[in-house]
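K.L.:
The residues making up each chain are set out below.
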Amino acid sequence: QKEVEQNSGPLSVPEGAIASLNCTYSDRGSQSFFWYRQYSGKSPELIMSIYSNGDKEDGRFTAQLNKASQYVSLLIRDSQPSDSATYLCAVRQSVAGGTSYGKLTFGQGTILTVHP
Amino acid sequence: DTEVTQTPKHLVMGMTNKKSLKCEQHMGHRAMYWYKQKAKKPPELMFVYSYEKLSINESVPSRFSPECPNSSLLNLHLHALQPEDSALYLCASSQGAGAYVEQFFGPGTRLTVL
Chain A
1 QKEVEQNSGP LSVPEGAIAS LNCTYSDRGS QSFFWYRQYS GKSPELIMSI
51 YSNGDKEDGR FTAQLNKASQ YVSLLIRDSQ PSDSATYLCA VRQSVAGGTS
101 YGKLTFGQGT ILTVHP
Chain B
1 DTEVTQTPKH LVMGMTNKKS LKCEQHMGHR AMYWYKQKAK KPPELMFVYS
51 YEKLSINESV PSRFSPECPN SSLLNLHLHA LQPEDSALYL CASSQGAGAY
101 VEQFFGPGTR LTVL
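Which chain is which? The protein sequence lines are A and B, in order.
Take the first sequence: its position 17, counted from the start at 1, is 17 in my numbering, and no numbers get skipped.
Take the second sequence: its position 28, counted from the start at 1, is 28 in my numbering, and no numbers get skipped.
Note that these hints are calculated values from the structure, not bench results.
Keeping only pairs whose Cα atoms sit at most 20 angstroms apart, straight-line, the calculated EDC-like set for lysine to aspartate or glutamate is:
no. : chain 1 : residue 1 : chain 2 : residue 2
1   : B       : K36       : A       : E3
2   : B       : K40       : A       : E45
3   : B       : K40       : A       : E3
4   : B       : K9        : B       : E24
5   : A       : K103      : A       : E5
6   : B       : K41       : A       : E3
7   : B       : K38       : A       : E5
8   : A       : K56       : B       : E102
9   : A       : K67       : A       : D55
10  : B       : K38       : A       : E3
11  : B       : K36       : B       : E102
12  : B       : K40       : A       : D83
13  : B       : K41       : B       : E58
14  : B       : K19       : B       : D85
Could you put together the complete structure from these sequences and hints?
P.N.:
Below, the structure written as structure tokens:
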């Protein structure tokens, strides 16, 4: 079983629409969750981090976390063609003293295309 | 300033060569990471240094040898690589290796092994 799973995509939305990206994780001990954006040929860029249940908003981006359901999502409002990229969900396991301490585990990524 | 720099941007090497990748950050971060990323795949963790000590080695082959000379620098020494080692090598850093810290990536080194 994969540790972090993302909706398979690719996801295509029209300009101005809301893009919804989803991620589930298997480790109940996970404590922090991150969304990265990666343009083709570039490195991942951190766009959101979330640590507590609920919503966190930053501009057009909203991250949502539900630890009971082991689910984290990213909403992009008013999507723009420049948002077209691969979005990576990353989960930080934190088992103090364990071999996985501090390890960031990534999902496979969801390719988002915003068409004009 | 959330900047991690990596050199070189591109590297082509033969299987008998020895080369090094370099990473630098000036954010005062105390944890640094090496990741490997193949095309259309997510980054895979290779090594973690925390306070200049190797804290995680994800069973990486010995032909990859990390080094952390000081808190701002991280090197990855390469020797006798295989063509399947061709990938984007990413360096990242964070304030620490704990749970509630954000990790920032450098631009990467695109490695091709002939």
